[in-house]
Amino acid sequence: MKLERFPIVSDDEIMLTEMPFMDLYDESDLISNIKGDYQDKNYLEWSPITTEKKSPVQASDKLAEKKEKSYAELAREEARADLKRKRSAKYLTQDVSFTKRYKPSNNVVRQANQP
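The C-terminal position of the sequence shown is numbered 115 in the working numbering, with every residue numbered one higher than the one before it.
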């Protein structure tokens, strides 16, 4: 077992840096700053906060991974096929009114109780 210790820090040393200022809301959105009628902003016209950078190396790795199906994917496909087969079973689609039904006969005489 590896024993890890916390770093030794003196009492007057600052451990954390100052938190950056985060402007979560536009000043005009605060209730105290609204003067007169409020007009909704069209947020669809705003640019996204982050931009996603795609690298071609990672994309090719993902394609290679997609070619091989995992155990879970194979099990899901098998379960879907099994469910499809069961839903289209003949006894679910046939008309019940035309099927033969068992009718017990009333003419049965017990042989053991007869004299």
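Some hints here could point you the wrong way.
[As the list claims (entries may be wrong)] Label pairs and their computed distance ranges (CB to CB):
no., residue 1, residue 2, range
1, Tyr71, Ser32, 42 to 48 Å
2, Lys86, Leu3, 53 to 59 Å
3, Leu74, Glu4, 39 to 45 Å
4, Ile31, Lys84, 33 to 39 Å
5, Ile34, Ile14, 55 to 61 Å
6, Lys67, Pro7, 42 to 48 Å
7, Leu74, Ile34, 53 to 59 Å
[Claimed, not checked] DSS-like, lysine-lysine: derived pairs with alpha carbons at most 30 Å apart:
no., residue 1, residue 2
8, Lys86, Lys69
9, Lys69, Lys84
10, Lys84, Lys67
11, Lys90, Lys67
Rather than coming from a laboratory, the hints here were simulated on the basis of the structure. The beta-carbon is built from N, C-alpha and C at its ideal position, and this holds for glycine as well.
CB-CB spacing for Lys84 and Ile31 relative to the 33 to 39 Å hint: 55 Å, violated
Whether the CB-CB distance between Tyr71 and Ser32 falls inside 42 to 48 Å: 57 Å, violated
Outcome for the supplied range 39 to 45 Å, where the beta carbon pair is Leu74 and Glu4: Holds - the Cβ-Cβ distance for Leu74 and Glu4, about 42 Å, lies within 39 to 45 Å.
Pairwise beta carbon distance, Lys67 to Pro7, judged against the given window 42 to 48 Å: 46 Å, holds
Status of the given 53 to 59 Å range, CB of Ile34 versus CB of Leu74: With Cβ atoms ~57 Å apart, the hint holds.
Pairwise hint evaluation, Lys67 against Lys84, where the allowed Cα distance is 30 Å at most: 25 Å, holds
Whether the CB-CB distance between Lys86 and Leu3 falls inside 53 to 59 Å: 58 Å, holds
Consistency of beta-carbon spacing, Ile14 to Ile34, with hint 55 to 61 Å: 39 Å, violated
Straight-line alpha-carbon gap Lys69 to Lys84, limit 30 Å: This hinted pair holds, its Cα atoms lying about 21 Å apart.
30 Å limit on alpha-carbon distance, applied to hinted pair Lys90 and Lys67: Violated: Lys90 and Lys67 sit about 36 Å apart, past 30 Å.
Proposed proximity, Lys69 with Lys86 (alpha carbon, max 30 Å): 24 Å, holds
In summary, the structure is inconsistent with hints 1, 4, 5, 11 from the numbered list given earlier, while agreeing with the others.
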